[in-house]
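Top line first, the protein sequences correspond to chains A and B.
No gaps in the numbering here: position 3 of the first sequence is 3 in the numbering used here, and each next residue is one more.
No gaps in the numbering here: position 106 of the second sequence is 106 in the numbering used here, and each next residue is one more.
Hints were generated in silico from the structure; no laboratory data involved.
Wrong hints could be hidden among the right ones.
Straight line, CA to CA, 30 Å or less: simulated BS3-like cross-link-like pairs of lysine-lysine [said to hold, decoys possible]: (1) B:K22 <-> B:K57; (2) B:K71 <-> B:K106; (3) A:K80 <-> B:K42; (4) B:K106 <-> B:K58; (5) B:K68 <-> B:K106; (6) B:K58 <-> B:K68; (7) B:K106 <-> A:K80; (8) B:K71 <-> B:K57; (9) A:K79 <-> B:K42.
Here are the simulated distance ranges between beta carbons [as the list claims (entries may be wrong)]: (10) B:H109 <-> A:S84: 34 to 42 Å; (11) A:G54 <-> B:R61: 41 to 49 Å; (12) A:H5 <-> B:K57: 25 to 33 Å; (13) A:W7 <-> B:S12: 33 to 41 Å; (14) A:A40 <-> B:R61: 27 to 35 Å; (15) B:Q60 <-> A:T99: 12 to 20 Å; (16) A:K80 <-> B:E79: 47 to 55 Å.
From a predicted model like this one, the values you see are computed outputs, not experimental measurements.
Beta carbons are placed, not taken as given, at the ideal position from N, Cα and C, and that holds for glycine.
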Amino acid sequence: SQTIHQWPATLVQPVGSPLSLECTVEGTSNPNLYWYRQAAGRGLQLLFYSVGIGQISSEVPQNLSASRPQDRQFILSSKKLLLSDSGFYLCAWSAGGETQYFGPGTRLLVL
Amino acid sequence: GENVEQHPSTLSVQEGDSAVIKCTYSDSASNYFPWYKQELGKGPQLIIDIRSNVGEKKDQRIAVTLNKTAKHFSLHITETQPEDSAVYFCAARWGGGGADGLTFGKGTHLIIQP
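Could you build the full structure based on these sequences and the hints that come with them?
As structure tokens, then:
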């Protein structure tokens, strides 16, 4: 069966510091991968998606970036965090079809 | 693109009663409609989905109905239990674009009163 992992689970970072969040998927090959952000009490905002290694599409312009160095690894990064980057970051995968499956999420607090 | 509206934002029902959450979508080309349940501090979990060639789908206490003409779909939970308390999100897959094109509603906080 397929599983999706995210780490860290929780992160507290100062404004202006760098960020690296990691997502890995097991049990499937060539998945579509997604990064979402969920602000407190809000819906899900798609940030990036990837249909293959090195292929990244951005949905929302901001100071975040994403990379896919391996087939089942998706990384969300920032060079300098802003207060507004605080939120719950979710990684998801799909088998190229419709259904997306979410990871457990990373809670980021920027102080 | 697609726009999904979800109502209500908060729903409180007595344990054992039914709960209904409604969503509308804007793109008539949308063809896939999943529902997710999110418990506090966790990622959303798929609970049921429906495709545009079907009008209703049931899975035990959960059912989803789709009205393509009116462009709305609903989640029905019967015999609600305390563990049904969570935030529920609807989504629609629009036919226009990449990344499987899922657009989410803003969520409904379902509260089951004992």
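Hints, verified against the model:
| no. | hint | in the structure |
| --- | --- | --- |
| 1 | B:K22 <-> B:K57 | 15 Å, holds |
| 2 | B:K71 <-> B:K106 | 17 Å, holds |
| 3 | A:K80 <-> B:K42 | 26 Å, holds |
| 4 | B:K106 <-> B:K58 | 23 Å, holds |
| 5 | B:K68 <-> B:K106 | 21 Å, holds |
| 6 | B:K58 <-> B:K68 | 18 Å, holds |
| 7 | B:K106 <-> A:K80 | 28 Å, holds |
| 8 | B:K71 <-> B:K57 | 16 Å, holds |
| 9 | A:K79 <-> B:K42 | 27 Å, holds |
| 10 | B:H109 <-> A:S84: 34 to 42 Å | 23 Å, violated |
| 11 | A:G54 <-> B:R61: 41 to 49 Å | 44 Å, holds |
| 12 | A:H5 <-> B:K57: 25 to 33 Å | 30 Å, holds |
| 13 | A:W7 <-> B:S12: 33 to 41 Å | 35 Å, holds |
| 14 | A:A40 <-> B:R61: 27 to 35 Å | 29 Å, holds |
| 15 | B:Q60 <-> A:T99: 12 to 20 Å | 19 Å, holds |
| 16 | A:K80 <-> B:E79: 47 to 55 Å | 51 Å, holds |
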